[in-house]
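Protein chains: 2
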Amino acid sequence: MPGRNKGKFGNDQVSELTAGRLSVYLRCLNALDDEGTKTVSSKALAEQFHLNAAQIRKDLAYFGEFGVRGVGYYVKELKRHLRQILGLDRTVRVGIFGAGNLGMALADYPGFRREGFVIVGLFDAAKAKVGQQSRGGVRIFDVADFKKMVKKEPIDIAVVAVPAAAAQSVVDEVVSCGVRAVLNFSPGTLKVPAGVRVKNMDLTVSMESLSFFLARGDADGRA
Amino acid sequence: MPGRNKGKFGNDQVSELTAGRLSVYLRCLNALDDEGTKTVSSKALAEQFHLNAAQIRKDLAYFGEFGVRGVGYYVKELKRHLRQILGLDRTVRVGIFGAGNLGMALADYPGFRREGFVIVGLFDAAKAKVGQQSRGGVRIFDVADFKKMVKKEPIDIAVVAVPAAAAQSVVDEVVSCGVRAVLNFSPGTLKVPAGVRVKNMDLTVSMESLSFFLARGDADGRA
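Protein chains in written order, with my numbering: chain A, 868 to 1090; chain B, 868 to 1090.
Calculated directly from the structure, the hints in this document are not laboratory data. A couple of the hints might just be wrong.
What the hints assert, rightly or not - Straight-line Cα separation of at most 27 Å, BS3-like style, residue types lysine-lysine; simulated pairs:
hint	chain 1	residue 1	chain 2	residue 2
1	A	946	B	996
2	B	946	A	1058
3	A	910	A	925
4	A	1066	A	1014
5	B	996	A	925
6	B	996	A	996
7	B	1066	A	1066
8	B	925	A	1066
9	A	1058	B	943
10	A	943	B	946
11	B	925	A	910
12	B	946	A	1066
13	B	925	A	1058
14	A	946	B	1058
Unchecked claim - Listed next, the stretches of chain B that the computed footprint assigns to chain A, with coverage defined by at least 3 CB atoms under 8 Å from CB atoms of chain A:
hint	stretch
15	894 to 906
16	910 to 918
17	937 to 943
18	1009 to 1023
19	1039 to 1047
We put the beta carbon where it would ideally sit given N, CA and C, even for glycine.
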């Protein structure tokens, strides 16, 4: 297929920002596919979803997806390609640590299932919670059993939704079990060895960035 | 006070990334203050919290906070200064839209209260939920009453935790009531007029950025 240049694929210049944008494009393509739309131009995509058409073309061209003159992009094909680039063409197994409000909310977050993330279970230290399940049916396991469970059924991503004081020890434990990617909802910074990636979702930081812009009286953009 | 250069404060070059880092420093200073630490050098701050010392100095110098030779920064004073820069020296009032798992989790998120965000209430369209409250005691109001309530008690930030299909109409409603900052947890993009700031917390995008790095076999950094 012309332009499907896999060589560029492993390039270090592909930033996390690009990955984030590809992920947003995938959300938009899902919506178009649900509506039955077969093809879309970068211009129409940009207009419908409040994105930047030039940026879309640049991002997709980087991955060898050039669209077809007079047609635009084939929605289903571009979806498949983006899913492949984002590593969603295989099963991504997720364990959620902490079965409090936040952990329970994340376990049932509809977007995860839609993209094929498999929520293996919730893990908590509170014996009273063990054996229960989220509204969506994700079971709560004893965190003490994680090491044993993960040997049989490895997980790819650990979501940390425990109180701040417990976060580092949870991360140490999952990393020692071979997990290489962590989505962290606890405040503060976590220490991980090289080769492990942490994505911090500090909710207070996000709120404060809004507070910052309100305080400056400068709210003319999107974050 | 030398170097407390307020002139630079409104500069457009102050990026959201800087605001995010200041917010992380504030988290670290809170931890130090809790421990009773009186002063800290950029080097010690960097080492203890896995940050970059040169970046800390650069960020703080930008806001006129230079530290004291041989002492470093006074923890309480720097905290106060950062809180002022981040607009946390006044009350920031927050309304949360959607009283599902996620909204309930956000209502009780301990970091918000700690920094002085006041969660005014949860707002939901489901009559059965109205009048109930979160575990932490945040009351659930009828979203239909929001317009009336906000006239008496304005809110600064609207947190959107409703299903994707309802998100745009919720945002249109809060914006029409004068809210200028939105923290959005629903997937997809939201349209807002100029002068309103949206910060998107798309959880699927975050998971996919981890999946992307796992797929590339390149996990040598922090997100």
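Hints, one by one, checked against the model:
no. : hint            : verdict
1   : 946/A x 996/B   : violated (38 Å)
2   : 946/B x 1058/A  : holds (23 Å)
3   : 910/A x 925/A   : holds (13 Å)
4   : 1066/A x 1014/A : holds (22 Å)
5   : 996/B x 925/A   : violated (46 Å)
6   : 996/B x 996/A   : holds (24 Å)
7   : 1066/B x 1066/A : holds (17 Å)
8   : 925/B x 1066/A  : holds (24 Å)
9   : 1058/A x 943/B  : holds (25 Å)
10  : 943/A x 946/B   : violated (51 Å)
11  : 925/B x 910/A   : violated (40 Å)
12  : 946/B x 1066/A  : holds (25 Å)
13  : 925/B x 1058/A  : holds (23 Å)
14  : 946/A x 1058/B  : holds (23 Å)
15  : 894 to 906      : holds (count 3)
16  : 910 to 918      : holds (count 3)
17  : 937 to 943      : violated (count 0)
18  : 1009 to 1023    : violated (count 1)
19  : 1039 to 1047    : violated (count 1)
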